[in-house]
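Construct all of the structure, not just a fragment, from the sequences and the given hints.
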Amino acid sequence: MESNKNFVVGVFDDEDVLLSAVEGTREKGIKIHEVYSPFPVHGLDEALGYKRSRLPIAAFMFGLTGTSLALLMQIWMLGFDWPMIIGGKNHASLPPFIPVTFEMTVLLAAHGMVLTFLIVSNLKPYKWPRQFDLRSTDDKHVMAVDLATNKLSKEEISRILKDNGASEVNEKNF
Amino acid sequence: MQATSTIREPLITGGKTVRDVSEDISRQVEGKPTSLWWIAMVVSLVLLFWGFYCLCYQQWNGVGVWGLNKTVGWAWDITNFVWWVGIGHAGTLISAILLLFRQRWRMSINRAAEAMTIFAVICAATFPFVHMGRLWLGFYWVFPLPNTWGSLWANFNSPLLWDVFAISTYFTVSLVFWYMGLIPDFAVIRDRAVRMGHKTRALVYNALSFGWDGAARTWSRYESVALILAGLSTPLVLSVHTIVSMDFATSVIPGWHTTIFPPYFVAGAIFSGFAMVLTLLLITRKMFRLEDYITIYHIELMNIIIIITGSIVGIAYITEFFVAWYGQVPAEYYAFYNRATGPYWWAYWSMMTCNVISPQLFWFKKIRTNLVATFVLSIIVNIGMWFERFVIIVTSLHRDYLPSSWSMFHATIYDVGEYVFTFGFFFAAFLLFAKYFPVINMAEVKSIVKSTSEKKH
Chain W
1 MESNKNFVVG VFDDEDVLLS AVEGTREKGI KIHEVYSPFP VHGLDEALGY KRSRLPIAAF
61 MFGLTGTSLA LLMQIWMLGF DWPMIIGGKN HASLPPFIPV TFEMTVLLAA HGMVLTFLIV
121 SNLKPYKWPR QFDLRSTDDK HVMAVDLATN KLSKEEISRI LKDNGASEVN EKNF
Chain C
1001 MQATSTIREP LITGGKTVRD VSEDISRQVE GKPTSLWWIA MVVSLVLLFW GFYCLCYQQW
1061 NGVGVWGLNK TVGWAWDITN FVWWVGIGHA GTLISAILLL FRQRWRMSIN RAAEAMTIFA
1121 VICAATFPFV HMGRLWLGFY WVFPLPNTWG SLWANFNSPL LWDVFAISTY FTVSLVFWYM
1181 GLIPDFAVIR DRAVRMGHKT RALVYNALSF GWDGAARTWS RYESVALILA GLSTPLVLSV
1241 HTIVSMDFAT SVIPGWHTTI FPPYFVAGAI FSGFAMVLTL LLITRKMFRL EDYITIYHIE
1301 LMNIIIIITG SIVGIAYITE FFVAWYGQVP AEYYAFYNRA TGPYWWAYWS MMTCNVISPQ
1361 LFWFKKIRTN LVATFVLSII VNIGMWFERF VIIVTSLHRD YLPSSWSMFH ATIYDVGEYV
1421 FTFGFFFAAF LLFAKYFPVI NMAEVKSIVK STSEKKH
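Residue numbers (this note's numbering), protein chains in the order written: chain W, 1 to 174; chain C, 1001 to 1457.
Source of the hints: derived by calculation from the structure; they are not laboratory data. These numbers were taken from a predicted model, which means no experiment stands behind them. Heads up, the beta-carbon is just placed ideally off N, CA and C, and yes, glycines get one too. Among the hints, a few may not be true.
Label-pair distances were calculated between CB atoms; the ranges are [unchecked claim]:
| hint | chain 1 | residue 1 | chain 2 | residue 2 | range |
| --- | --- | --- | --- | --- | --- |
| 1 | W | F80 | C | S1158 | 17 to 27 Å |
| 2 | C | G1133 | W | Y50 | 54 to 64 Å |
| 3 | C | G1197 | W | D146 | 23 to 33 Å |
| 4 | W | G87 | C | H1410 | 26 to 36 Å |
| 5 | W | G87 | C | F1101 | 32 to 42 Å |
| 6 | C | L1036 | W | I119 | 37 to 47 Å |
| 7 | W | E156 | C | M1196 | 30 to 40 Å |
| 8 | W | G87 | C | I1379 | 40 to 50 Å |
| 9 | C | G1197 | W | K154 | 27 to 37 Å |
| 10 | C | A1373 | W | I119 | 46 to 56 Å |
| 11 | W | I98 | C | I1379 | 30 to 40 Å |
Under the rule of at most 20 Å between Cα atoms (straight-line distance), these lysine to aspartate or glutamate pairs were calculated in the EDC-like manner [claimed, not checked]:
| hint | chain 1 | residue 1 | chain 2 | residue 2 |
| --- | --- | --- | --- | --- |
| 12 | C | K1450 | W | D14 |
| 13 | W | K51 | C | E1223 |
| 14 | C | K1016 | W | E156 |
| 15 | C | K1199 | W | D133 |
| 16 | W | K31 | W | E156 |
| 17 | C | K1016 | W | D139 |
| 18 | W | K124 | C | E1223 |
| 19 | C | K1016 | W | D14 |
| 20 | C | K1450 | W | D16 |
| 21 | C | K1450 | W | D13 |
| 22 | C | K1450 | W | D139 |
As structure tokens, then:
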């Protein structure tokens, strides 16, 4: 089968070896396609040079939307659309609106952020992911290097990965 | 790099490796259900169907088939509602608040506790809905939807409406939080299925895992989502039972009109929630042989939370009495006097024994590390918490300002039946979860294997 993408895949057994290997290979000027791990490894995103996620900002914006929608809804419904005097209080008095406003804030912030996460991470039920090594969800950390984006040869990259502690180095074509 | 003191007790025993975690937790998802599981399932389904019959009978004939009367207009239905919502507090508390406090012992128990939360909230929500009598109109009454009364909107000044928003937000956010945790673990089962050659299972679990691949970039985002969700869920958990308590506290009924209700209800909710987590986990742990992941140390820590929250609840009971005596408002004074010595004295003293005295036994290390004692006490605590809600609701209502309308509440078989219905649903749902979903958060447990797994000797 004619393949259009060739990867060198390094397999690591230990998260600390992986972390130093990521730094080691990046120092050698190798561009890492991606690292796949069975669990979150602390410091891996910094080692790979990823910027901090902006999802908290998204959550804040969604939360703010929730707050304003809830307040507008309650004030409009009880204060303008069908004003009613309940318990001798003002039509649109703020204190009783706080609980619903708080809940709507949390509701929109949480769901909005999770939806954004699923969209930006391209997670969807009918997608089958590209798998470099099936053990990457079990107990191995897998580093994929795309040959097309690197100047070094396959052999050189394999040697650098081995030198940095990879327990095995494989090839994978898609 | 994480540094962990060597003095700390290991959170995972038996010299487990990362590999063993996948193996041990996926095993029961991949295997056939055991006979013990089938027996439990059949019992739950019998309860569910009998309860469902009672529910249908009540829907057909109306709320009158319950034991309610003009004086006691709220009894088992709201008692069961508050009881289930309270139980539903432990899951998100464990996963959100303990995450913010960086308590790593949460990792083996959060998945099952969150599942319990979700099923408990569903059970709770059935009661207000069936109490509305006409389920099909319920949505119009509780949600601000345009309607044919010229859009006479729902009343946002009512704590009952706040409850609708609080419970629905809590339910959906907990569901999402739980599901987010499950995504990487479904991928584990998918990849194992691929290696074992199970095509259908691989497809199903891939769909469930949303095509998860464990990329570092996704994990990085995933971690910030989990942290923010925990930050959002923490005030949410506290707000839910606060608002539930306001259903009572904002009224003017003596015995309900109490400013300490919100913190007291929240403590009670955590108390009963942890008790139910213990009841379920002790069974799950035995059924699926998870003793190395849910250790005696985990159980001891949960028992310590039970002592703390149980004592807060005990202090709240005593404070209510003190204030009733110190305030010298005759109606308030009588409500509490009647609670302890009136016709419902047995309910009051059952509550005191189960909730205040029995958890104090956990001060003894021998008792709080004993599985049988923990199991029995966890059930006693939840019996006590049911009586607490019954006492607050029924004893405050049955003798009101007008002695000529004083009355008693007698539960009918349909009251019992609908309570049984929720039990059937709860256990059946939990058994399905425990069989088909990974009961322990593999990804989180794997991340602490290196630092807290007990080394093989």
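Each hint tested on the structure:
{"no.": "1", "hint": "W/F80 to C/S1158: 17 to 27 Å", "result": "holds (19 Å)"}
{"no.": "2", "hint": "C/G1133 to W/Y50: 54 to 64 Å", "result": "holds (56 Å)"}
{"no.": "3", "hint": "C/G1197 to W/D146: 23 to 33 Å", "result": "holds (30 Å)"}
{"no.": "4", "hint": "W/G87 to C/H1410: 26 to 36 Å", "result": "holds (34 Å)"}
{"no.": "5", "hint": "W/G87 to C/F1101: 32 to 42 Å", "result": "holds (40 Å)"}
{"no.": "6", "hint": "C/L1036 to W/I119: 37 to 47 Å", "result": "holds (42 Å)"}
{"no.": "7", "hint": "W/E156 to C/M1196: 30 to 40 Å", "result": "holds (37 Å)"}
{"no.": "8", "hint": "W/G87 to C/I1379: 40 to 50 Å", "result": "holds (42 Å)"}
{"no.": "9", "hint": "C/G1197 to W/K154: 27 to 37 Å", "result": "holds (31 Å)"}
{"no.": "10", "hint": "C/A1373 to W/I119: 46 to 56 Å", "result": "holds (50 Å)"}
{"no.": "11", "hint": "W/I98 to C/I1379: 30 to 40 Å", "result": "holds (38 Å)"}
{"no.": "12", "hint": "C/K1450 to W/D14", "result": "holds (9 Å)"}
{"no.": "13", "hint": "W/K51 to C/E1223", "result": "holds (14 Å)"}
{"no.": "14", "hint": "C/K1016 to W/E156", "result": "violated (36 Å)"}
{"no.": "15", "hint": "C/K1199 to W/D133", "result": "holds (18 Å)"}
{"no.": "16", "hint": "W/K31 to W/E156", "result": "holds (13 Å)"}
{"no.": "17", "hint": "C/K1016 to W/D139", "result": "holds (12 Å)"}
{"no.": "18", "hint": "W/K124 to C/E1223", "result": "holds (18 Å)"}
{"no.": "19", "hint": "C/K1016 to W/D14", "result": "holds (15 Å)"}
{"no.": "20", "hint": "C/K1450 to W/D16", "result": "holds (10 Å)"}
{"no.": "21", "hint": "C/K1450 to W/D13", "result": "holds (12 Å)"}
{"no.": "22", "hint": "C/K1450 to W/D139", "result": "holds (12 Å)"}
Checked against the numbered hints above, the structure violates only hint 14.
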